[in-house]
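Given the sequences, and given the hints that come with them, work out the whole structure.
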Amino acid sequence: MRVTNRQIADIFNETADLIDIDGENPFRVRAYRNAARTILSHPRNMADLVEEQFDLTSLKGIGRELAKKITEIVQTGKLSYLEKLKRIHPPGIEKLLKIPGLGPRRVRLLHEFLHINSLHDLENALRQDKLQSVPSFGPKLIEMIEKELKKRRYEEKRYPLSEADSVSRWLLETLCSAKGLIEIEVAGSIRRRSETVHDIDIVAAAETENDIMEHFTTLPEAERVLMKGPTRSSVILINGITVDLRVVPAENFGAALHHFTGSKAHNIALRKLAITKEMKINEYGIYKKGKRIGGEKEEDIYKKLDMDYIAPELRENRGEIVVAQQHRLPSLVSEEEIQGDLHIHTTYSDGTNTIREMALRAKEKGYEYIAVTDHTRHLAVAHGLDEKKAKKQLEEIDRLNEELQGITILKSAEVDILEDGSLDLPESILKELDLTVCAVHFKFDLSQQAQTKRILKAMEHPFFTILGHPTGRLIGLRDPYDIDMEAIIHAAAQCGCILELNAQPDRLDLNDIHCKMAKEAGVPIAISTDAHSVNDLDLMHYGIGQARRGWLGKENVVNTRGLKELKKVLKK
DNA sequence: GCCGTTTTCGGCCCGACTGTTTTCAGTCG
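Using full-length UniProt numbering, read the first sequence as starting at 1 and increasing by one per residue.
Since the hints were made in silico from the structure, they are not lab data. Hints may contain errors.
Pairs of lysine-lysine residues, derived as PhoX-like cross-links and limited to a Cα-Cα distance of at most 20 angstroms, are as follows [stated by the list, open to error]: (1) Lys-95 with Lys-68; (2) Lys-391 with Lys-443; (3) Lys-98 with Lys-140; (4) Lys-289 with Lys-304; (5) Lys-303 with Lys-288; (6) Lys-264 with Lys-280; (7) Lys-140 with Lys-150; (8) Lys-68 with Lys-84; (9) Lys-431 with Lys-411; (10) Lys-411 with Lys-280; (11) Lys-363 with Lys-389; (12) Lys-288 with Lys-304; (13) Lys-443 with Lys-457; (14) Lys-140 with Lys-151; (15) Lys-388 with Lys-431; (16) Lys-277 with Lys-304; (17) Lys-157 with Lys-98; (18) Lys-411 with Lys-568; (19) Lys-151 with Lys-95; (20) Lys-389 with Lys-431; (21) Lys-272 with Lys-304.
Structure (structure tokens):
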């Protein structure tokens with residue numbers, strides 16, 4: 001069984017946890033965590049790179065030692081160094097680090113003084129009132145640990161972007177009425193458009209006299225105030241989401257927004273760069289030789305560092321800083337550039353609106369075209385189209401295209417890719433369609449080899465246009481099916497196929513890393529909503545966010561083209 | 001453990017908030 005990047009990253013993170021508890025040099029701990037991050041966001045499998053004898057030390061944060069360890073993991077499936085650490089540490093002790101308030105030092109103290117090695121031990125010690133005997137464990141800390149244990153909050157929860165998005169919009173509206181507020185924005189991973197978020201970060205600029213913190217910490221929806229200071233506070237809302245609010249004077253707003261937008265890795269890299277230029281960046285501004293030279297606007301920071309402004313979606317320390325210094329950043333695709341939606345369901349299958357209703361709403365949105373892509377017969381749960389139903393739909397589309405002005409309905413279908421790689425519609429229908437969105441909807445558990453072969457076979461079909469939701473994942477619910485994405489992207493480039501970026505917030509499939517891979521391979525992307533109702537057409541912006549995270553520009557996205565240009569792309 | 005416009009040692013982002021050892025370490029983002 002081939003080792004995945006995720007497994008290698010997990011091994012490094014666990015190693016970092018254990019040596020952290022041991023009180024090792026914190027920079028050594030960080031080196032392991034940095035390497036885990038690099039590996040996780042690398043588009044290619046470490047296993048393949050090792051096989052190709054690729055020089056792993058050319059990767060950021062990976063030197064000789066960690067390159068050797070990666071090779072060992074790829075070859076043996078485990079890391080002997082970690083195995084050794086595990087032998088001298090009680091199993092599960094690193095889980096204690098997940099409890100807010102417990103860092104490596106306090107976990108070590110718990111172990112030394114009370115032999116606490118697991119969450120279970122910790123619960124027992126709490127019940128027996130033993131914790132106060134540990135140095136530096138006062139009543140407040142113990143109370144906090146007790147609450148955290150009760151709530152099981154140490155099982156880190158991540159929220160889908162769409163959920164956090166609506167909560168943050170509500171928060172902005174609510175806080176708007178606070179006295180002395182000048183400006184307020186959502187920062188953090190929501191602003192970077194991450195697929196899932198851990199908490200909500202909000203940054204506000206305000207007059208000296210303001211009641212924003214008071215307003216915030218006394219919201220009826222704030223179940224608990226975690227901390228409250230004059231410039232920074234944190235609450236847990238009744239729905240469980242943690243919200244951090246930072247309030248600064250207007251002159252510091254840009255720097256604060258930048259600081260709290262992150263990512264952490266991006267900020268660290270940028271600050272390191274600043275140091276080489278005898279500058280310093282903090283949440284109040286950018287400084288040269290102790291003198292503040294900017295920070296009112298976020299753009300100041302990049303400008304003073306002599307680099308292009310980096311959009312929040314790119315701030316992951318995945319090479320954006322170097323490219324910005326070279327003034328070679330891509331101009332990222334925006335929602336206004338989208339001319340149509342190429343994946344839409346109607347009442348012909350499992351959609352709730354008619355073709356006409358969908359077309360009219362698309363027209364309202366300023367689109368030039370939509371593709372109607374109802375399910376085919378194999379997907380019986382979705383009342384898929386058989387040949388007869390498909391014909392009827394095609395006739396209706398002809399009538400509507402004559403009748404409706406200003407919007408063109410393209411004939412299509414979301415065609416099932418059957419287990420043997422064939423398509424679930426007869427050629428007599430396929431040839432009538434303007435395009436197809438082909439997708440896997442069953443037999444998710446094939447081996448990587450079989451699943452990849454199935455999709456590659458389908459892509460060879462002359463009527464194959466777009467690979468719909470390429471990995472089939474449902475974020476937090478269903479893992480992607482096991483496919484060799486490199487092989488699929490390579491094949492798409494060869495045969496001129498398009499890959500879909502499905503904009504449904506629980507899919508966002510392709511992910512950012514695969515988007516970038518596709519772009520580099522010259523494979524075009526279709527950003528589609530997979531709308532099952534007129535309101536779903538508004539989900540496009542989630543796809544745009546993901547596309548921007550994947551470095552995609554207008555030229556990489558097929559549905560930024562007008563109808564005429566699009567048709568040229570579709571004609572293979 | 002990594003890294004180099006101060007290159008093979010000696011640094012490694014930076015500040016707010018909290019609790020408690022009452023002057024600062026630990027944690028967090």
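Keeping to a limit of 20 angstroms between CA atoms, is the pair of Lys-140 and Lys-151 held or broken? Cα-Cα ~17 angstroms, so holds.
Take the C-alpha atoms of Lys-388 and Lys-431, compute the straight-line distance between them, and say whether it is at most 20 angstroms. 15 angstroms, holds
Need the status of pair Lys-363, Lys-389: alpha-carbon distance at most 20 angstroms? Not satisfied, since the Cα-Cα distance of roughly 25 angstroms exceeds 20 angstroms.
Lys-272 and Lys-304: Cα distance at most 20 angstroms? 14 angstroms, holds
Would the pair Lys-431 and Lys-411 pass a check requiring their Cα atoms to be no farther apart than 20 angstroms? 10 angstroms, holds
Compare the distance between the alpha carbons of Lys-443 and Lys-457 with 20 angstroms, and conclude whether the hinted pair is satisfied. Measuring from Cα to Cα gives roughly 16 angstroms; hence the hint holds.
Take a quick look at whether Lys-303 and Lys-288 sit within 20 angstroms of each other, Cα to Cα. 13 angstroms, holds
When you check the alpha-carbon spacing of Lys-391 and Lys-443, does it fall within 20 angstroms? Status violated; Cα separation ~28 angstroms.
Is it true that the CA of Lys-411 sits at most 20 angstroms from the CA of Lys-280? 57 angstroms, violated
Given the hinted pair Lys-95 and Lys-68, is their Cα-Cα distance within 20 angstroms? 27 angstroms, violated
For a C-alpha distance cap of 20 angstroms, please report whether Lys-277 and Lys-304 respect it. Distance of about 10 angstroms is within 20 angstroms: holds.
Would the pair Lys-157 and Lys-98 pass a check requiring their Cα atoms to be no farther apart than 20 angstroms? 11 angstroms, holds
Hint compliance for this structure: hints 1, 2, 10 and 11 are broken, all remaining hints hold.
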